[in-house]
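For chain A, the structure is supplied; the task is to place chain B on it using the hints.
Number of protein chains: 2
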Amino acid sequence: MNKAALLEQIKAKRSVLCVGLDTDLEKIPAHLLKEDDPVFAFNKAIIDSTVAFTVAYKPNIAFYESMGVKGWQSLEKTIHYLDEKYPEIFTIADAKRGDIGNTSKMYAKAFFENMNFDSVTVAPYMGEDSVTPFLDFPNKWVILLGLTSNKGAFDFQFIENAEGEALFESVVKKAQEWATADQLMFVLGATKTEHLARLRAIAPDHFFLVPGVGAQGGSLEEVLKQATNKDFGVLVNSTRGIIYQSNGLDFAQAAGIAARTLQQEMERLLF
Amino acid sequence: MNKAALLEQIKAKRSVLCVGLDTDLEKIPAHLLKEDDPVFAFNKAIIDSTVAFTVAYKPNIAFYESMGVKGWQSLEKTIHYLDEKYPEIFTIADAKRGDIGNTSKMYAKAFFENMNFDSVTVAPYMGEDSVTPFLDFPNKWVILLGLTSNKGAFDFQFIENAEGEALFESVVKKAQEWATADQLMFVLGATKTEHLARLRAIAPDHFFLVPGVGAQGGSLEEVLKQATNKDFGVLVNSTRGIIYQSNGLDFAQAAGIAARTLQQEMERLLF
Numbered sequence: 001m002n003k004a005a006l007l008e009q010i011k012a013k014r015s016v017l018c019v020g021l022d023t024d025l026e027k028i029p030a031h032l033l034k035e036d037d038p039v040f041a042f043n044k045a046i047i048d049s050t051v052a053f054t055v056a057y058k059p060n061i062a063f064y065e066s067m068g069v070k071g072w073q074s075l076e077k078t079i080h081y082l083d084e085k086y087p088e089i090f091t092i093a094d095a096k097r098g099d100i101g102n103t104s105k106m107y108a109k110a111f112f113e114n115m116n117f118d119s120v121t122v123a124p125y126m127g128e129d130s131v132t133p134f135l136d137f138p139n140k141w142v143i144l145l146g147l148t149s150n151k152g153a154f155d156f157q158f159i160e161n162a163e164g165e166a167l168f169e170s171v172v173k174k175a176q177e178w179a180t181a182d183q184l185m186f187v188l189g190a191t192k193t194e195h196l197a198r199l200r201a202i203a204p205d206h207f208f209l210v211p212g213v214g215a216q217g218g219s220l221e222e223v224l225k226q227a228t229n230k231d232f233g234v235l236v237n238s239t240r241g242i243i244y245q246s247n248g249l250d251f252a253q254a255a256g257i258a259a260r261t262l263q264q265e266m267e268r269l270l271f
Numbered sequence: 272m273n274k275a276a277l278l279e280q281i282k283a284k285r286s287v288l289c290v291g292l293d294t295d296l297e298k299i300p301a302h303l304l305k306e307d308d309p310v311f312a313f314n315k316a317i318i319d320s321t322v323a324f325t326v327a328y329k330p331n332i333a334f335y336e337s338m339g340v341k342g343w344q345s346l347e348k349t350i351h352y353l354d355e356k357y358p359e360i361f362t363i364a365d366a367k368r369g370d371i372g373n374t375s376k377m378y379a380k381a382f383f384e385n386m387n388f389d390s391v392t393v394a395p396y397m398g399e400d401s402v403t404p405f406l407d408f409p410n411k412w413v414i415l416l417g418l419t420s421n422k423g424a425f426d427f428q429f430i431e432n433a434e435g436e437a438l439f440e441s442v443v444k445k446a447q448e449w450a451t452a453d454q455l456m457f458v459l460g461a462t463k464t465e466h467l468a469r470l471r472a473i474a475p476d477h478f479f480l481v482p483g484v485g486a487q488g489g490s491l492e493e494v495l496k497q498a499t500n501k502d503f504g505v506l507v508n509s510t511r512g513i514i515y516q517s518n519g520l521d522f523a524q525a526a527g528i529a530a531r532t533l534q535q536e537m538e539r540l541l542f
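If you read the protein sequences in the order shown, they are chains A and B.
Letter by letter, the first sequence follows residues 1 to 271 in my numbering.
Letter by letter, the second sequence follows residues 272 to 542 in my numbering.
Worth flagging that the hints you see were computed from the coordinates, not collected in a lab.
Take the hints with a grain of salt, since some may be wrong.
Under the rule of at most 30 Å between Cα atoms (straight-line distance), these lysine-lysine pairs were calculated in the DSSO-like manner [stated by the list, open to error]:
#1 411/B to 27/A
#2 3/A to 105/A
#3 298/B to 109/A
#4 444/B to 173/A
#5 305/B to 341/B
#6 445/B to 174/A
#7 341/B to 140/A
#8 356/B to 444/B
#9 77/A to 422/B
#10 27/A to 376/B
#11 140/A to 305/B
#12 105/A to 380/B
#13 501/B to 105/A
#14 348/B to 34/A
#15 380/B to 77/A
#16 411/B to 70/A
#17 34/A to 411/B
#18 27/A to 85/A
#19 341/B to 109/A
#20 77/A to 305/B
#21 315/B to 109/A
#22 341/B to 173/A
#23 105/A to 305/B
#24 140/A to 315/B
A few chain A residues facing chain B, derived, Cβ under 10 Å [said to hold, decoys possible]:
#25 22
#26 41
#27 103
#28 110
#29 151
#30 157
#31 159
#32 164
#33 165
A virtual CB, placed ideally from N, CA and C, is assigned to each residue, including glycine.
So that you can see chain A by itself, here it is in the shape it has in the complex:
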């Protein structure tokens, strides 16, 4: 998907909401467990009930891998379903991959060719040749880790070089030599909003994928105030606050209501 198509959808839905699909057999409603593929049944119902308020879905690949072959099948069904029924949706494989060139190329093949994801999250530690193989696919995106939402972000991402530039800033600067804002986004955690403005100054044109609103404690208003740009420039992810609102028969309806509530707040703050 290109940037124009993403922006069109944001404007049409008046939303920058991304819904995380961290689907866990221990957390989904018990009545789904009798389905052939409970994970896909859950995802399909969540997608159908939230898609009117949502511009992106982000399956968290770890949750599928933890279920082995069955999990991989559920993931493939989920991305095919999105692709067929809602081709306007921006899809994110939240995989945090990254390896030497010939290996990153294989990950790119997995997520961009075998499954038709629009984007994949990539870890920056191994540098340029671990990232660029993902960029060889036209209209596919790399979402590079910049500043993450977890506590461990403080271990290395804030290490400053002799000029006082933190590692996450070096990453966001350097990566702009590899791709334009039409193919590269950055992950920037909502729990660290005091740095969002600083990063917006370094990367004025790029989209930021912002996790950490809700369960992890980030404020939507603060994120939108600090991080938006002339093209909106943010996708705000929510997972637990949407998909696990209820584990009864009304789980999909409850997810829809939570998504609508967030969308309305986005509409109020952004449009």
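The following block gives chain B in isolation, referenced to the frame of chain A:
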């Protein structure tokens, strides 16, 4: 597997060889393509012909993921085969994973519970809580990226803080607060031997997994000279130099000869 068992095998085989299983349908012998599962058939033959000279196998997970559900099945068969037939072998899921705590826990489940890998490679960018979930599994290992063998390593891993300490050194120092040498190894590329001694000084007790000998240009002699410690302390990986020696009917035999040649060089240099 605990460290004592690994050391016992190193001494018995007089080898620190790890064979990478980057199994690619485009590179394996054509006659295997008529098998039900060509990838597993290739891996099984390579393992059987090299195991006498080898202490560890390292499937590169990207290559299996790039084949979707089928690839995941081949991977599961490969690890089960190693586990059943050669339980003395140290197995490495070369996956370069790492995410927030609840997600790393799912990756750990994928590789340590559903598949019985002894270890997984992990990327350090997200810090402590992205690494420690893997350490909750007794006798399972984290192999953390320190200094990688690729060109992109120079983008971020060499950034120095105000005290002149490079990022890869900070990573290797900090991670030792999270785990002992009985559960934590580091990836250190053979192409950067001038730094191996420096890293050995920082981490005297930890095993180093050293990729990059052979196709990537690293020297075995230099690696062993710089990186060994009192417990050997290295696993030296070779992939293309062993598994793709021949793509004819003699591919397994050729791999065995290449593995034996490397083992003999290791024996000469180390024992």
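Checked hints:
Restraint check: the Cα-Cα separation between residue 411/B and residue 27/A comes to about 27 Å, which is no more than 30 Å; the hinted pair holds. For the suggested pair residue 3/A and residue 105/A, the alpha carbons sit about 23 Å apart, so the restraint of at most 30 Å is met. Of the supplied pair hints, the one linking residue 298/B and residue 109/A holds, its CA atoms being roughly 16 Å apart against a limit of 30 Å. Restraint check: the Cα-Cα separation between residue 444/B and residue 173/A comes to about 26 Å, which is no more than 30 Å; the hinted pair holds.
Annotation: proposed proximity of residue 305/B to residue 341/B holds, straight-line Cα distance about 15 Å (limit 30 Å). Distance restraint check for residue 445/B and residue 174/A: the Cα-Cα separation of roughly 24 Å lies within the 30 Å cut-off, and the hinted pair is therefore satisfied. About 24 Å separates the Cα atoms of residue 341/B and residue 140/A, which keeps this hinted pair within 30 Å; it holds. About 37 Å separates the Cα atoms of residue 356/B and residue 444/B, which puts this hinted pair outside 30 Å; it is violated.
A C-alpha spacing of about 37 Å is found between residue 77/A and residue 422/B, which places the hinted pair above 30 Å, so the restraint is violated. Our distance criterion of 30 Å between C-alpha atoms is met by residue 27/A and residue 376/B, whose separation comes to about 15 Å. Of the pairs offered as hints, the one joining residue 140/A and residue 305/B is violated, with about 34 Å between alpha carbons and a cut-off of 30 Å exceeded. With a C-alpha separation of about 25 Å, the suggested pairing of residue 105/A with residue 380/B holds against the 30 Å cut-off.
The suggested pairing of residue 501/B with residue 105/A is violated, with an alpha-carbon distance near 38 Å, which exceeds 30 Å. Proximity of residue 348/B to residue 34/A is assessed by CA-CA distance (about 28 Å); at most 30 Å being required, the pair is judged to hold. Taking the CA atoms of residue 380/B and residue 77/A, the gap is about 22 Å. The hint holds against a cut of 30 Å. For the given pair, residue 411/B sits about 24 Å from residue 70/A by alpha-carbon distance, which is consistent with the 30 Å threshold.
Distance hint between residue 34/A and residue 411/B is unfulfilled; the C-alpha atoms sit about 34 Å from each other, more than 30 Å. Restraint check for residue 27/A and residue 85/A: satisfied, since their Cα atoms lie roughly 26 Å apart, inside the 30 Å limit. With a CA separation close to 14 Å, the supplied pair residue 341/B and residue 109/A stays within the 30 Å bound. Only pairs whose Cα atoms come within 30 Å are accepted, and residue 77/A paired with residue 305/B is accepted, the gap being roughly 28 Å.
This hinted pair checks out: residue 315/B and residue 109/A have alpha carbons roughly 25 Å apart, not beyond 30 Å. Our distance criterion of 30 Å between C-alpha atoms is broken by residue 341/B and residue 173/A, whose separation comes to about 39 Å. Annotation: proposed proximity of residue 105/A to residue 305/B holds, straight-line Cα distance about 26 Å (limit 30 Å). Restraint check for residue 140/A and residue 315/B: not satisfied, since their Cα atoms lie roughly 36 Å apart, outside the 30 Å limit.
Hint on residue 22/A holds. Least Cβ distance to chain B is approximately 7 Å, under the 10 Å limit. Annotation: interface hint on residue 41/A violated; nearest CB of chain B at approximately 18 Å, more than 10 Å. At a threshold of 10 Å, the smallest CB-CB gap from residue 103/A to chain B is about 5 Å, leaving the interface hint in force. Because the beta carbon of residue 110/A sits about 4 Å from the nearest beta carbon in chain B, less than 10 Å, this interface hint is met.
Satisfaction of the interface hint for residue 151/A is found here, the shortest Cβ-Cβ separation to chain B being roughly 5 Å, below the 10 Å cut-off. The beta carbon of residue 157/A is positioned within 10 Å of a beta carbon in chain B (closest approach about 7 Å), and the interface hint is therefore held. Interface hint at residue 159/A: satisfied, since its Cβ lies 5 Å from the closest Cβ of chain B, which is below the 10 Å cut-off. Given hint, residue 164/A at the interface with chain B, holds; its Cβ is 8 Å from that chain's nearest Cβ, closer than 10 Å.
Interface restraint check for residue 165/A: the shortest CB-CB distance to chain B comes to about 9 Å, inside 10 Å, so the restraint holds.
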